[in-house]
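Enquirer: Residue numbers (numbering that gives the first Met the number 0), protein chains in the order written: chain E, 0 to 333; chain B, 0 to 333; chain H, 0 to 333; chain D, 0 to 333.
Keep in mind that the hints were calculated from the coordinates and are not lab data. The structure displayed is predicted, hence computed values, not measured ones. Possibly wrong hints are sitting among the right ones.
Given that identical chains are not distinguished, each listed pair holds provided it fits within a single copy or across any two copies.
[Said to hold, decoys possible] Below, simulated EDC-like cross-link-like pairs (lysine to aspartate or glutamate); rule was C-alpha separation at most 20 Å, straight line:
1) 213 with 58
2) 207 with 58
3) 213 with 47
4) 82 with 197
5) 247 with 200
6) 247 with 227
7) 207 with 256
The primary structure of each chain is shown beneath.
Protein chains: 4
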Amino acid sequence: MSNLAVLTSGGDAPGMNAAVRAVVRKALSEGLEVFGVQRGYAGVIDGDFIKLNSSSVSDVIGQGGTFLRSARCDEFRTPAGRKKAAEKLRSKGIENLVVIGGDGSFTGAKLLSEETGINTIGVPATIDNDIACTHDSIGYDTALNTIIDAISKIRDTASSHERAFVIETMGRHAGFLALAAGLAGGAESILVPERKTDVDEVCQTIQKDYEEGKIHSIILVAEGVELEGQRFETNREMNESPAFALSKEISDRTEFEARVTILGHIQRGGAPTGRDRLLASRLGAAAVDRLLAGESNVMVGLVNSQVQASPIKDAIEQEKELDMDLYELSTILS
Amino acid sequence: MSNLAVLTSGGDAPGMNAAVRAVVRKALSEGLEVFGVQRGYAGVIDGDFIKLNSSSVSDVIGQGGTFLRSARCDEFRTPAGRKKAAEKLRSKGIENLVVIGGDGSFTGAKLLSEETGINTIGVPATIDNDIACTHDSIGYDTALNTIIDAISKIRDTASSHERAFVIETMGRHAGFLALAAGLAGGAESILVPERKTDVDEVCQTIQKDYEEGKIHSIILVAEGVELEGQRFETNREMNESPAFALSKEISDRTEFEARVTILGHIQRGGAPTGRDRLLASRLGAAAVDRLLAGESNVMVGLVNSQVQASPIKDAIEQEKELDMDLYELSTILS
Amino acid sequence: MSNLAVLTSGGDAPGMNAAVRAVVRKALSEGLEVFGVQRGYAGVIDGDFIKLNSSSVSDVIGQGGTFLRSARCDEFRTPAGRKKAAEKLRSKGIENLVVIGGDGSFTGAKLLSEETGINTIGVPATIDNDIACTHDSIGYDTALNTIIDAISKIRDTASSHERAFVIETMGRHAGFLALAAGLAGGAESILVPERKTDVDEVCQTIQKDYEEGKIHSIILVAEGVELEGQRFETNREMNESPAFALSKEISDRTEFEARVTILGHIQRGGAPTGRDRLLASRLGAAAVDRLLAGESNVMVGLVNSQVQASPIKDAIEQEKELDMDLYELSTILS
Amino acid sequence: MSNLAVLTSGGDAPGMNAAVRAVVRKALSEGLEVFGVQRGYAGVIDGDFIKLNSSSVSDVIGQGGTFLRSARCDEFRTPAGRKKAAEKLRSKGIENLVVIGGDGSFTGAKLLSEETGINTIGVPATIDNDIACTHDSIGYDTALNTIIDAISKIRDTASSHERAFVIETMGRHAGFLALAAGLAGGAESILVPERKTDVDEVCQTIQKDYEEGKIHSIILVAEGVELEGQRFETNREMNESPAFALSKEISDRTEFEARVTILGHIQRGGAPTGRDRLLASRLGAAAVDRLLAGESNVMVGLVNSQVQASPIKDAIEQEKELDMDLYELSTILS
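Bound conformation, chain E alone (with noise of 0.2 Å):
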């Protein structure tokens, strides 16, 4: 093994600089030349691959984003478009790479890897942390912190004016980041999609903190939530997001007049936590040494504080289950 290439691929998440500079750093390091991929699996097939020195990682341990872009690409859905790629890290010598991203970018080095025999290595990242197999991903700590600051200015504004507020986090599938969030943050109720709603319950709760004195409630809810309720249904039509929705019963149902902030992509950017650079910096020198080790279609993640590798099979088919005493700790100190 002499080189191998490194990209990242779907959502970003604050931390993939850092992975990408730990591969880069790790690598030469074993003495292998390193390729950068631009712009994920889209760059593979259109062979966008740039030759990467220990300088060219400089300073991107703190920056958000990622410098080697991220992009959709429908072409390496296709088998054609991974042999495709195949070829053209052949062409180039390149036997070995890392991806950087989530599920859906998994599924892909899972199938480049069984289809084409190039070895490829998954670093999770992703601010959802939905993944099997790893305690965290990349990026989750960074968005954790970053909407606990949003719910901070929010509550100020919300308590001088004796205000509940909704706020929306990402999350289509997964409550990780709204229950941590709306714990962390001290929310009154959150709303996460392995849960259901009842909207009645959720409206009765906080008027009942309206009548003991409290002067704001904030709502977490996971942008993947589904309400329901009697009352509510009738009108759940006429509202795409599920803030909105709630939003309009607290205001009918209780005394609070309520508001709505969608966090929106302000969750994706940002300098990574301490962590998130620690954890990019462990899994990107982890994936450079399963390589080494010859292991392929494996992701590299922290189990019981250690890092581990697992067959990516299992980190896509794997469900990550919330942890419910977290959700019952939270309606405790709320």
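Based on these hints, arrange chains B, H and D on the given structure of chain E.
Expert: Just chains B, H and D now, with coordinates in the frame of chain E:
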């Protein structure tokens, strides 16, 4: 003069607490008794006065929001409501009132002074910075930095995915925040209510940037912007927010894929910046000075870096003009 | 069991308030009465107990420091002092005490339990993270991010002037903070108490970096580091801080001009991060659970991402080892 | 006029990059060629000129430090050095130079203009804000907020342990930073070089606060402060820093135990605030305008909120006075 009351009114702004602190401690140092009014003019009508001492305002200088709270009050908009308010103040022996807020709050202060003889002093606090007779209003500097921080986070993800982002700031009638934040944040385009926006022109600029190799485009839009342009008008009615409308046009008419972020109420919160604390401290103390000098129906502001009092009438009626030189500068530097 | 008391002791750490909040609200939800003790063990001896309810801990989850305050207490180090403390607790009918602090505080909790039969539970909180039987202690994550932020600021000026900067972190006996912050901050060298430091070697590395074109050098030094190296020992006695001593050597023996920054107490303050709030919430609630389960003289900690109780004795006596793999990683990635 | 060169000199300040960006893009928009000089005047003498285009300054508006770097240059302090500098500039056909820096840098710019006829324009950038003929200098606002953030962190730990903290800020000859940060940070005492400090009086105030129940005391001290007071002078010689000297006195003479924090170089770094970016953008563009208008040996500054040019001579020789009203205000509000 032996006492005064102080209230915060209208939308909350970072630094309101620092202004209350300055009013309280300056008044105490002059031997006056100080009453805090809860929930703005509603609290005056309800006679909701709390005696404040020096430790009532300990550690509030750095807190966002307003611990005196704020609220709308329809009753105070009527002469009868204001008469009642004056009676409640006088029943406590209070003849002097400091009003910390924006345009709407000042209209109330002016009428209260003129109709009932209560001495009122306005202290300008609104993140919009749209109040005349002062260069800055309390809260503007903090909001400016909050928006810049958000732009910086969004730029990370915009560059990673080579996207355009339309970021909507507060500002229904004024573009001060959007212009300053856009210029300081290095936005590619800035849309303000004070200047007619040609959607064709905006899209052409963005497309030109794309062709010249820019890998992202950040467009700052004040919420009060009105869009126009030939191809645009036909579907305007389907969109309520100018940001969403503009985003659709950009995605349709340029090679950038566009996304929207509505910053919303995070712009109102957060620990006040140094500038906002200094401004609030100076204006709060000056309000007490003006009352002691026997003035009423005036607003204290910062003019040419000096504290200066102006008739509230002027602050309300004069239009504060956006500095179009800054606008021109933004087009040169982006 | 009908009640418990809670105190914070030793050096303050961000997240202590979040831990107190969790203890209080969890205990209330279990029907217990809760007393807060002011100023650590001194307050126990003085009988300084305040009844706490749910609103006593409103809005404290995001506040640095400890609203219960902390203090040294020489009297409690004596058997007589601890006897008096137990008497004071029992005079209020209190048999259960949650102690939030570090090593020294836990020694007191252990002796109090063994000598007087008061049930004690330790909750680990110290930015140094040097407590065994838990992967993280409360406050460590926040301090880590504070240091990284400082490194980032200093790198700006270091690069501008092509200088070396020696940054001294807290850590008299342990290098956890310095190592993690140095790795995450991209420091060129990291000096920790756990590993003997050869000043010659450090200077050679820095000079080599200079010759290879690095325009700055950041050296992280834990305050407890002992320096050695032939040319260095002669003038060691003149310097109290390892940072100043090392800085002089670097200026003398490399082409970089060196400067020193002692981060000091800013490392203890600030709003706790998401991680610290979550950890504090979990451990605080777990402390109440352990008391309800009839346990005493144990510490709750996070082991393999799960809450786990260990004898306080183990937490005090076992040495928590620095992960030397991380140290090796730092030399590869810098 | 067909081109210009730009350099940064002296201590770095946040916003220097934003100023360079404004000079570059404004000049390009006027059809001029732009050269960046590396490492201040040393780079001029070495002929170290790099042609800059619009993308040379992409994404630098938010970066601390200066990408053009800065350095001391003894040779430029001699007439021979300046003659050589002018020759190097003219050998490239450059007759115009924008100098971004402080007092020392402006002295060089003035002499260069007078002795060699090179047109020079000064842009004030120093966190100390001690330059006359401008209300603010670039970097001051960012440093102010950095110090306030540090005060806030230290207050957490000061309150927890009921301590006094002496915080030393930059400012060898000027107290602008210490005064503004102290006032905005709610410091109990502020010591500035412009005002003689009586240590007896400071200690008495602190002791009085203690007796009135304050649980902490924050004392801001500019590094250039000279202490006096009868009991103090005897041991002055043992201490180099006024902060350590004062801390010892406070511990000896009040019931507070005192600690010291020297903020040091973190005050120079960090992403510039909105104000600093706007100021830098306006002044950088104005510098190009002044050159195009045929001016030389002037500094552009902000006077009464408007950009204004003044002779460099005035900027250097006039003393910028500290606003003692702010000082008085700080004693009333603390």
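Enquirer: Pop the pair residue 82 and residue 197 into one bin, within, between, both or neither, using alpha-carbon distances up to 20 Å.
Expert: neither (48 Å within a copy, 47 Å between copies)
Enquirer: Given a CA cutoff of 20 Å, do residue 207 and residue 256 count as a within-copy pair, a between-copy pair, both, or neither?
Expert: For residue 207 and residue 256, only the intra-copy Cα distance (14 Å) is at most 20 Å; the inter-copy one is 45 Å.
Enquirer: If the cut is 20 Å between Cα atoms, do residue 207 and residue 58 qualify within a copy, between copies, both or neither?
Expert: So residue 207 and residue 58 pass the 20 Å test across copies only (19 Å; inside, 51 Å).
Enquirer: Taking 20 Å as the upper bound on the Cα-Cα distance, should residue 213 and residue 47 be classified as within, between, both, or neither?
Expert: Classified as between: cross-chain Cα gap 18 Å, same-chain 57 Å, threshold 20 Å.
Enquirer: Regarding residue 213 and residue 58, is the shortest C-alpha distance of 20 Å or less found within a copy, between copies, in both, or in neither?
Expert: between (46 Å within a copy, 11 Å between copies)
Enquirer: Between residue 247 and residue 200, at a C-alpha cutoff of 20 Å, which is it: within one copy, between copies, both, or neither?
Expert: within (15 Å within a copy, 37 Å between copies)
Enquirer: Measure nothing new, just compare the shortest in-copy and cross-copy C-alpha distances for residue 247 and residue 227 to 20 Å and report within, between, both or neither.
Expert: Answer is within: at 14 Å inside a copy they meet the 20 Å cutoff, but 31 Å across does not.
The structure shown violates just one earlier hint, number 4.
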